[in-house]
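Visitor: Between the sequences and the hints, there should be enough to build the whole structure, so can you do that?
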Amino acid sequence: MQKDKLYSFLFILPSIILIAIFVYFFIFWTGFISLTDWNDIFPSFNIVGLRNYIELFQNFRFQISMKNTLVFTALFLVSSLILGFLLAIFLDQKIRGENIFRNIYLFPMAISFVVTGVVWRWILNPGTINNPVGLNQILDKIGLSFLKSGWYTDPKIGIKAVVIAAVWQMSGYVMAMYLAGIRGIPSELFEAAQVDGANMWQVYRYIVLPLLRPITLGAIIILGHISLKIFDLVVAMTGSGAGFSCDVPALFMYDTTFRGNHFAQGASIAIILLLMVGVLIIPYLRYSLKSEVKR
Amino acid sequence: MKIGRLLIYFFLILFAIFYLTPIYVLLVTSLKSFVEVDLKTMWRLPKTISIESFIQAWKGDPKRGLRGLSQNFMNSVYLVIPATILSAFLGSMNGYVLTKWRFKGADIIFPMLLFGMFIPYQSILIPLVQVLQKIKLYSTIPGLIFVHIVYGIPITTLIFRNYYSTIPSELIEAAKIDGADFVGIYRRIVLPVSMPAFAVVMIWQFTSIWNDFLFGLVVAPNPSVQPITVALNNLAGSYFVQWNIQMAGALITALPPLIVYIFLGRYFMRGLLSGSLSGV
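Residue numbers (the numbering used here), protein chains in the order written: chain A, 106 to 400; chain B, 52 to 331.
It should be emphasised that the hints constitute simulated quantities derived from the structure, not laboratory data.
The structure presented is a predicted model; accordingly, all values stated were derived computationally and were not measured.
Any given hint could turn out to be false.
The calculated lysine to aspartate or glutamate pairs, modelled on DMTMM-like cross-linking and capped at a C-alpha distance of 20 Å, are [said to hold, decoys possible]: (1) B:155 <-> A:245; (2) B:91 <-> A:245; (3) A:108 <-> B:229; (4) A:246 <-> B:89; (5) A:110 <-> B:89; (6) A:108 <-> B:89; (7) B:227 <-> A:245; (8) A:108 <-> B:232; (9) A:110 <-> B:112.
Simulated restraints, written as ranges between beta carbons of each label pair [claimed, not checked]: (10) A:304 <-> B:317: 31 to 41 Å; (11) A:392 <-> B:69: 12 to 22 Å; (12) A:364 <-> B:216: 39 to 49 Å.
Cβ-to-Cβ under 7 Å is the rule here; a few derived chain B residues that face chain A [claimed, not checked]: (13) 177; (14) 223; (15) 233; (16) 301; (17) 315.
All C-beta atoms, glycine included, are put in the ideal place defined by N, C-alpha and C.
Guide: What follows is the structure, encoded as structure tokens:
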């Protein structure tokens, strides 16, 4: 028995060691690099304190990319949650062909962000004023010309155009989470509410939505951390855009580090990114593991 | 009430069109012949079906210096198969130990492992490149396999742990009394009932490794080892590549996970939901 205990620990030990090195030690090492002067090809480890961070916060591109991420995350979260919730409650109305609808809404999740980016780059290609293409052409055809825009090529829109592609890809996921949640609610609750004279809207607003709060929280965390880290989609669809109007910190980090060879500067961006994600994830991990113990 | 239902169907169909539009554009564009391709008529169905674009996207055109995707497609295949299988087994072992052989400190170890799946990989990329260069795995397919196995540990462990916690512990205890040891219990009791969890984990890992872009981009700078997502991005990023070739390339890239989704969507779905920690 004692031997088995040891055995079992040896089974999991490689994973523990790998994660300890490749996650925790590497994060520590990145943090260390961000405090050094390694800002060209040749590694150099002279400590310069917080200089990289101070320079970062004064950097024009960093300020824009931080603003862009926050705008992107807010718009992406709100649109995906609303759309996902609506699709879920509509699909819950004993719809004919529910399976087909569900599969159509969810399939973008299986596709690479790079594919999504390539396709949406062409769909949102504005064309010229006399020769609109893509979505603009459709808007012209159906008499909604006033909605035409330069999409991601317009610096005033920039990253907001990328939100459309991101919602296309991820809102089905939110739908699936909500639908699973709704199906888990005992039907007696619905019936009781209807007997009490509540209409459909009231049932969803006052009974379903509050019961789905853990799912809403989970969706915010999952989409939120994907959104803060967004990289592939932006690279494939727009790049950093005119006047960095589509830039995000993950892309800025990649350019700074692996194209510009400013390793210490890149490390400082990575640490800021990690802190942003950590603020979101760590409380959630603690919360969901604690509630698991209670169960 | 009748009108209400009609409106619901209208809304559902409208959004079905929204989700299908990019696939429509992908299909009609990549099936047009070169003479027919024109941005102005991008919404029109092709007059004649042509697979020229697919051939060019797959084989490339050495005369114009256009690299085809065939080699990168195979790179992704060679990368995704071993990485998926190995990380599934690793996850299974971890899940088994964490649920049936709980040791002191397991309550701390598990969340520590889990955290690894949420981190922005930018925060480990610089040391990762340094270490891979040191151990001569940088810009190789085995290097990429290794990276995907390591960063797959959290999610695979999570899914198996949730799954194995549904196996009654009495079953394990009874087997222990009967004299079965650690490996025996795994082989004779746990592994035979693990197939659903293996399906979920392997489909999840297959899709996310196939679709990975960041690791491929940073860890494999050499075009001959690049996975297909990176090659597609290069193809789509060069201005002299016609957009029907880009679309054909995008379709080729999307196809393997799409096929998996079409045939095994049920398991894919479960993987997605377990990613949100709300249980398998």
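Visitor: Compare the structure with each hint and give your call.
Guide: Hint check results:
1. B:155 <-> A:245: violated, 66 Å
2. B:91 <-> A:245: holds, 13 Å
3. A:108 <-> B:229: holds, 16 Å
4. A:246 <-> B:89: The given pair, whose Cα atoms are some 18 Å apart, holds under the 20 Å limit.
5. A:110 <-> B:89: violated, 67 Å
6. A:108 <-> B:89: Given pair residue 108 (chain A), residue 89 (chain B) is violated - Cα atoms ~71 Å apart, limit 20 Å.
7. B:227 <-> A:245: violated, 73 Å
8. A:108 <-> B:232: holds, 9 Å
9. A:110 <-> B:112: violated, 60 Å
10. A:304 <-> B:317: 31 to 41 Å: holds, 34 Å
11. A:392 <-> B:69: 12 to 22 Å: Violated: the Cβ-Cβ distance is about 34 Å, outside 12 to 22 Å.
12. A:364 <-> B:216: 39 to 49 Å: For residue 364 (chain A) and residue 216 (chain B) the Cβ distance comes to about 46 Å; the hint holds.
13. 177: holds, 6 Å
14. 223: violated, 11 Å
15. 233: Result: holds, 4 Å to nearest chain A Cβ.
16. 301: holds, 5 Å
17. 315: It is violated, given that the least Cβ distance between residue 315 (chain B) and chain A is near 10 Å, above 7 Å.
Checked against the numbered hints listed earlier, the structure breaks hints 1, 5, 6, 7, 9, 11, 14 and 17; every other hint is satisfied.
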